[in-house]
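Dock chain B against chain A, hints included.
Residues per chain, in single letters:
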Amino acid sequence: MTPINRDVPQDGDAPEDPQRLHNDLHEIWGNPRGLKALTIVNHSTLGLRFMVTGMVFFLIGGMLAMLVRAQLALPGQGFMTPDIYNQVTTMHGTVMMFLFAIPVLEGLAIYMIPKMIGARDLVCPRLTSLGYWCYLFGGIIITFSLVLEMAPESGWFMYTPLSSSEYSPGLGSDFWLLGITFVEISALSAGVELVVSILRTRTQGMALHKMPLFAWYILAMALMIVVGFPPLILGSILLELERAVGMPFFEVAGGGDPILWQHLFWLFGHPEVYIIFLPAAGIVSTLIPVFAGRPIVGYGWVVFAILVTGFISFGLWVHHMFTVGIPQLAQAFFSASSMLVAVPTAIQVFVWLATLWLGKPKMKLPMLWIVGFLVIFVCGGLTGVMLALVPFNWQVHDTHFVVAHMHYVLVGGMFFPLIAGLYYWLPLFSGRMPSETLGKWGFWLTFIGFNTTFLIMHWTGLLGMPRRVYSYDTGMGWDVFNLISSLGGFLLSVGIAMVLLDIALHFRFGKPAKHNPWNADTLEWANTMPPSAYNFVSLPNVDTRHPLWDNPDLPHTITEGRHGLAVASHGRREMWGSDPLTGKVREIIHLPDNSWWPLFAALALSVVCLSLLTKFYPLAGIAVVVAVAFLLRWSWENGAHPKAAPDARVNPGDPPLHSRTMDGPGLWAMSVTLLANGSFFLSYLFGWFYLWTVSPEWRMPETSPLSLLGLIVAGLALTAGAGLLEKLVRGLRQQQDAGLAAGMYFISALGFVQVAVTLWVLLGADLAITVTTHDAVIMVGLVYVLLHGGLGSILALLQGLRVGYGYVGAYAPFEPVVVAQWWRYNVVTFWVIVGALAVLPSVIGG
Amino acid sequence: MIATMERLHLTHPLHFIVGLTLWSVWFVTVYGGHAVACAVIPPDPEQGAFTLVNAMLLVVSLAAAGLLATLAWGCCRIAKHHQGRLLFNAVVSAGLYLFSALGVVFTAMPIVGLPPCL
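Chains A and B supply the protein sequences, listed in that same order.
Number 690 in the working numbering belongs to position 690 of the first sequence; there are no gaps in the numbering.
Counting the second sequence from 1 gives a position; the working numbering is that position plus 1000.
Next up, chain A with everything else stripped away, as it sits in the complex:
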């Protein structure tokens, strides 16, 4: 590394030697090759890996769809047995929703967001890597079940009791529950870091209201993942516990209720549709202004619509359950809120149309897919409003009409914009242009094939054909419609194959793209094509929504190092940490280097998943310990650690390193993680109160089996530890770290007291967890607080050690603030658990 010892250039000043700066940055940020490529944490590489892996799963899901259409093409077909057919349909939905749609959009966001907001990477690069490996390994595990002919077969929503051990005794449901939970680690990882990256790493001057709309959409999507996925994770854990251990959460006889699964699933499942739609709509809102040649009409309206969608979409889940016997008034609430969500969607459609109307649209290849999206998605939205009406919903429930609607919304609302986006950003990925001819053939075949398949399917459904039947008799009036749908399906496949062929060929035969080939306005086009590992040589000041339209010279001045952080002599990976509202620079965020720990942790988690699947529980326990050890070792290399940022010197005029402040991105990441954790906890409480109120065979004992005194002692130890930690943090704020290590050890000891006493309460309760749901739910709640207490104690212990090593102190006060948040959360959830499980039942009674 050539030492560079220059002053920070002011915006517009030229540095001494841009080429040397580029070389130095490349040395710091560049990707290794060979086996070490597995250690890469860079967002561009990992974003591409996500997208390519997602497309492979898309092909698998697509082939399964073709099998379904081949089976249904003619009446009385029998080349698949009912059992195999059920596996194929379940896996088609599962693969498309969990292994294609979400990961590929996350991959796009992971790739694009730092480039759009003027950052060099995402804020937690190792988390990106962990997310990718969990996704890959989890996806392989789930998909492998098909090869073994053991795939899940209860539908992609795994309704109980069909998915319970009585009716699905094989391993199929276990593959789904364990595999999907594993994959969801990936979704949550991406959700957390996208939120923090968008809020805290925008380049200087990029205030919230100047942010690209795509970033708004991804911010909403990421927050929705953080809040929306935990209910399903809880549901999956409960169902797996029921299947593996016999804890009767969803069995009426023990006091459970199968409808609880439906609530937990759809609390996730309906927002999931919007989690998929929002980033796709973000692509549309990015592309339409570029091809219309004018700013979007009503930026504020779009932000409004994104926020409304993000919230209201959580209030619709029961519209998937209109036929389960819920009172009419409750159905009316959900019917109304389901109609309400059409308002923000309509606002966006009108904004897009107005932008096209007022601009001069150029019908390039990406725009074809956008127009296709508008046509198909509006149709899907309208049938969605029809389905929001309870009487109509009852009529077409579980028919092919619903299948058709769902595909109009998901394929129209996600796949078409995704392909538009891929074509749009292809020159950025590769530096080459796609073929307009091959691309147009691909579009028209896909568009015609899609509508032939699914428009017809509305009629098949209205004629009464139920979903998920593996065969049907001739004479039902469905023959010709199914045949047309199947032919359309194969036409659709040919179209998609042509698109993929075009994309594959363009890497070799595509015309070299000129810089910013579409004359776009956003910052990603200020990168080189393809982009460097660090994106920007220097980080510009951006105070406009259209940086490249307002300053076309920006790519050159960035490359010449004329803007901020054009320095590499320290050998650190770093970028701006900015104020979430104003975009004013607050600190320099230093990022970790490539690392094996994410891969190792994901491998250990894979062993956990596989050993649970094969019911080899001792190995699962060992693998959990190993995974936690890897994750803690990973966390050790932070802050002032020699592998992170031992030297905190910065150039004159620059803000401090984040690890030397009290408000780094790690604090925000912890907050967002706790938001997800809180969603999990609230879902648990919902389950407790739901079963208590609704479950027909719920049995509440006369007196609580839990020792209230023991719980109070445990809670007091926890609260005292949290209080002491707050005191130490207050001291650090005043640059005082006397007694910090001893304080941390004492806090850790208090945490272990809480764990020990809670464990004593749990063991003393003599819970019959396989007999009554009441006891099973209590067990889950106590294990939850035990795990949290245990982790809090270990974190405090590690902080004590880190003070001793000199990684934490008044000069590096960041980490105790993060740990304090965890303890605060533990205190709140512990006392809520005590109130809900031990106090309220005594006060109210069963």
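Don't read these hints as lab results, they were simulated from the structure.
Don't take every hint at face value.
[Said to hold, decoys possible] Ranges of calculated distance between the beta carbons of each label pair, as one might list FRET restraints: (1) V252/A - T1029/B: 19 to 29 Å; (2) T1029/B - V56/A: 44 to 54 Å; (3) L801/A - L1008/B: 38 to 48 Å; (4) L1008/B - Y159/A: 40 to 50 Å; (5) T1029/B - L709/A: 31 to 41 Å; (6) T1029/B - H26/A: 55 to 65 Å; (7) A1039/B - L358/A: 52 to 62 Å; (8) T323/A - V1105/B: 26 to 36 Å; (9) F1050/B - Y159/A: 34 to 44 Å; (10) D398/A - T1029/B: 29 to 39 Å; (11) T323/A - V1112/B: 23 to 33 Å.
From a predicted model like this one, the values you see are computed outputs, not experimental measurements.
A virtual CB, placed ideally from N, CA and C, is assigned to each residue, including glycine.
Just chain B, lined up with the frame of chain A:
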């Protein structure tokens, strides 16, 4: 009232989520409260919509809609005094509060006509 509004810093982007969060809390309260009421004190079906349960749900809904409408009005008022980022924040927040208020009214309308527990 005006002084209270000023103390709420209605130009802060936190208000982007406050209105919709209130809508969500109202929605959960009404849905959950309705379920609990039907489990604990189910009214006679003969009463139709004129029940204590409906009355309570309606009162909660009117209070929520009133609060949200007031906050929308506050944001509109504050917006007139600002430019740029703060104007943007206040205007978007006003729209979100108004939408949330109308969302409460629209979603709560069935309370007026439907018996609660059938």
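Now for the hints, and whether the structure bears them out:
Checking the proposed 19 to 29 Å range against V252/A and T1029/B shows it holds: the Cβ atoms sit about 28 Å from each other. Checking the proposed 44 to 54 Å range against T1029/B and V56/A shows it holds: the Cβ atoms sit about 45 Å from each other. For the hinted restraint 38 to 48 Å between L801/A and L1008/B, the CB-CB distance of approximately 45 Å keeps it satisfied. In this structure the supplied range 40 to 50 Å holds for L1008/B paired with Y159/A, their Cβ-Cβ distance being about 45 Å.
Between T1029/B and L709/A the beta carbons are some 34 Å apart, a value that agrees with the proposed interval 31 to 41 Å. For the pair T1029/B and H26/A, the beta carbons lie near 56 Å from each other, so the given range of 55 to 65 Å is met. Taken as a hint, the range 52 to 62 Å holds for the pair A1039/B and L358/A, whose Cβ atoms sit roughly 55 Å apart. At about 28 Å, the CB distance of T323/A to V1105/B agrees with the hint of 26 to 36 Å.
The hint said 34 to 44 Å for the Cβ distance between F1050/B and Y159/A, and at roughly 37 Å that hint holds. The supplied range of 29 to 39 Å is met by D398/A and T1029/B, whose beta-carbon atoms lie about 31 Å from each other. A C-beta distance of roughly 25 Å is found between T323/A and V1112/B, which places it inside the suggested range of 23 to 33 Å.
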